[in-house]
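Visitor: Here the protein sequences line up with chains A and B, keeping their order.
Adding 161 to a residue's 1-based position in the first sequence gives its number in this note's numbering.
Adding 14 to a residue's 1-based position in the second sequence gives its number in this note's numbering.
Simulated from the structure, these hints should not be mistaken for laboratory data.
You can trust all of the hints, since none of them are fake.
A few chain A residues that face chain B, going by a derived Cβ cut-off under 8 Å, partial list only:
| hint | residue |
| --- | --- |
| 1 | Leu-171 |
| 2 | Met-174 |
| 3 | Tyr-177 |
| 4 | Val-186 |
| 5 | Ile-190 |
| 6 | Ile-204 |
| 7 | Thr-210 |
| 8 | Gly-212 |
| 9 | Val-213 |
| 10 | Pro-215 |
| 11 | Ile-216 |
| 12 | Val-217 |
| 13 | Thr-240 |
| 14 | Val-248 |
| 15 | Ser-254 |
| 16 | Tyr-260 |
Calculated cross-link-like contacts (lysine-lysine; reagent style DSSO-like; alpha-carbon spacing at most 30 Å):
| hint | chain 1 | residue 1 | chain 2 | residue 2 |
| --- | --- | --- | --- | --- |
| 17 | A | Lys-188 | A | Lys-273 |
| 18 | A | Lys-262 | B | Lys-187 |
| 19 | A | Lys-273 | B | Lys-187 |
| 20 | A | Lys-262 | A | Lys-183 |
| 21 | A | Lys-273 | A | Lys-183 |
| 22 | B | Lys-187 | A | Lys-183 |
| 23 | A | Lys-188 | B | Lys-187 |
Please read these numbers as outputs of a predicted model, since none were measured by experiment.
Here a beta-carbon is modelled for each residue, glycine too, at the ideal position from N, C-alpha and C.
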Amino acid sequence: MTVYFLCVVLLTMGLYCLVAKKNIVKKVIGIVIMEYAVNLYLIIVGYKTGGVAPIVEPGMGETALERFVDPLPQALVLTSIVIGLGVLALMVSMCIRLYEKHGTFDMSHISKLRG
Amino acid sequence: MENITPQLYTLLVFMVIGSIVAIETRNLLSAVISVSAVGFALSVAFLFLGAPDIAITQLVVEILVLIILIRGTILLDNTAVELHRDTLAVIVSLIFFGLILGFGAMIFGSRGFPEFGEPLMNVSRVYVMRGLPETHAANIVTSVILDYRAYDTLGEATVLFGSILGALAILRKDGKVAKKEEVVPA
Numbered sequence: 162m163t164v165y166f167l168c169v170v171l172l173t174m175g176l177y178c179l180v181a182k183k184n185i186v187k188k189v190i191g192i193v194i195m196e197y198a199v200n201l202y203l204i205i206v207g208y209k210t211g212g213v214a215p216i217v218e219p220g221m222g223e224t225a226l227e228r229f230v231d232p233l234p235q236a237l238v239l240t241s242i243v244i245g246l247g248v249l250a251l252m253v254s255m256c257i258r259l260y261e262k263h264g265t266f267d268m269s270h271i272s273k274l275r276g
Numbered sequence: 015m016e017n018i019t020p021q022l023y024t025l026l027v028f029m030v031i032g033s034i035v036a037i038e039t040r041n042l043l044s045a046v047i048s049v050s051a052v053g054f055a056l057s058v059a060f061l062f063l064g065a066p067d068i069a070i071t072q073l074v075v076e077i078l079v080l081i082i083l084i085r086g087t088i089l090l091d092n093t094a095v096e097l098h099r100d101t102l103a104v105i106v107s108l109i110f111f112g113l114i115l116g117f118g119a120m121i122f123g124s125r126g127f128p129e130f131g132e133p134l135m136n137v138s139r140v141y142v143m144r145g146l147p148e149t150h151a152a153n154i155v156t157s158v159i160l161d162y163r164a165y166d167t168l169g170e171a172t173v174l175f176g177s178i179l180g181a182l183a184i185l186r187k188d189g190k191v192a193k194k195e196e197v198v199p200a
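The shape of chain A in the complex, shown without the other chains (with noise of 0.2 Å):
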């Protein structure tokens, strides 16, 4: 229960990072973190004492497959990691635009504007 609580502890880090850092590139940081944090939790939720990882080898009988880890939490992790860099480089190209417009990372600089 303590890994789960480690878990959550970071995600709440993350959070902390998105909500009162001031500079953009530190809250793509803190999502980047969260992330982090809901993959591996998933991850562990799924972890079975003694598991060996989901492949079958020849050979192998049906008590061998009960050893087996949760499959389906990976395959949706799988998914998740190669959204998560997908959303990753958009949140970074909008902090590129933002420099250009402004010529500034940080946030309290950029929100005096309007527009």
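Dock chain B against chain A, hints included.
Guide: Frame of chain A, contents of chain B only:
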């Protein structure tokens, strides 16, 4: 198999410390490199947790994240982050910290929530037992993403396509109208 809990705790504590450094350091390059260290530790943790596919994907994606963040942001501006604290935001995030930890304690401590190391395998048992005969894929994760849940993978490709399309549209230097205006005065 051996007990992996000590290694997992070590990696998680390393990840938490790396995140603290990434959040609190005032140099943007240090922050980006710290968050990459967290990602590589995450990849090793996936290896310990019996997920080699995820570990490989995480490794590749982490390198790409490092390249995108450095090329996209650090090269533009690597000045030190200005130090001004927003008291309201700090208080709000502390409140959320407490709320999330409290709800986590309620949920993780309640009955029926799977303990660490004892997953609910209600759906996955079918995949594990029938994966090889039905899909002829030795890797059960592959048989799930490419056969049983192939629509999810199609949706993933759609989201990825959309986000890259959005990034290209945002980063495009000048539109078609601007190009015509350039031609006219000449």
